[in-house]
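Undergrad: Mapping to the UniProt record's numbering: the sequence shown position 19 is 19, numbers consecutive.
Wrong hints could be hidden among the right ones.
Said to hold, decoys possible - Pair ranges (Cβ atoms, derived): (1) L73 <-> P2: 34 to 44 Å; (2) S10 <-> H61: 22 to 32 Å; (3) L76 <-> D18: 34 to 44 Å; (4) L42 <-> K3: 23 to 33 Å; (5) M50 <-> D25: 27 to 37 Å; (6) N11 <-> E75: 15 to 25 Å; (7) H61 <-> E15: 18 to 28 Å; (8) L42 <-> M1: 22 to 32 Å; (9) D27 <-> P60: 14 to 24 Å; (10) M50 <-> M1: 28 to 38 Å; (11) L76 <-> I16: 29 to 39 Å.
These are calculated hints, taken from the structure and not from any lab test.
Beta carbons: idealized from backbone N, C-alpha and C, even for Gly.
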Amino acid sequence: MPKYFFDHHSNTSIEIDDDGIDLPDVDAARRLALEALGQSVLDGAPRSLMGRLAIEVRDPHGPILRASATVVLEEL
Numbered sequence: 001m002p003k004y005f006f007d008h009h010s011n012t013s014i015e016i017d018d019d020g021i022d023l024p025d026v027d028a029a030r031r032l033a034l035e036a037l038g039q040s041v042l043d044g045a046p047r048s049l050m051g052r053l054a055i056e057v058r059d060p061h062g063p064i065l066r067a068s069a070t071v072v073l074e075e076l
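Let the sequences and hints guide you as you build the complete structure.
TA: Okay, structure coming up:
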């Protein structure tokens, strides 16, 4: 199975995935990237983490896709 790496990007930091995970194909990596992005949004909400969040997916040869979201929370 191919190995994929999931790097987490925010306004203030980048967390590089040095371990990776074996997945059957790029579609599985895409689904996992979207799940990780959603979880990053939820995890950042209590700390008022706003702005752009992204999960960049790499295989051993380099980047293959990026899932990103812009988070804006406004009190009205």
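Undergrad: So the hint says 29 to 39 Å: do the beta-carbon atoms of L76 and I16 match that?
TA: 38 Å, holds
Undergrad: Given a hint of 28 to 38 Å, does the C-beta separation of M50 and M1 actually sit inside it?
TA: 36 Å, holds
Undergrad: Quick check: does the Cβ-Cβ distance between S10 and H61 fall within 22 to 32 Å?
TA: Holds: the Cβ-Cβ distance is about 25 Å, inside 22 to 32 Å.
Undergrad: I want to verify a distance hint. Is the separation of the beta carbons of L73 and P2 within 34 to 44 Å?
TA: 37 Å, holds
Undergrad: Has the hinted range 15 to 25 Å been met by the Cβ atoms of N11 and E75?
TA: This hint holds: roughly 20 Å between Cβ atoms.
Undergrad: Look at the Cβ atoms of D27 and P60 and judge whether their distance stays inside 14 to 24 Å.
TA: 18 Å, holds
Undergrad: Using the Cβ atoms, figure out if M50 sits within 27 to 37 Å of D25.
TA: Because 34 Å falls inside the window, the suggested range holds.
Undergrad: Holds or violated: the 34 to 44 Å window for the beta-carbon distance between L76 and D18?
TA: 42 Å, holds
Undergrad: Would you say the C-beta atoms of H61 and E15 sit inside 18 to 28 Å of each other?
TA: Given a distance of about 21 Å, which is inside 18 to 28 Å, the answer is holds.
Undergrad: Using the C-beta atoms of L42 and K3, is the stated range 23 to 33 Å upheld?
TA: 26 Å, holds
Undergrad: Holds or violated: the 22 to 32 Å window for the beta-carbon distance between L42 and M1?
TA: 28 Å, holds
Every hint, counting from the list given before, is met by this structure.
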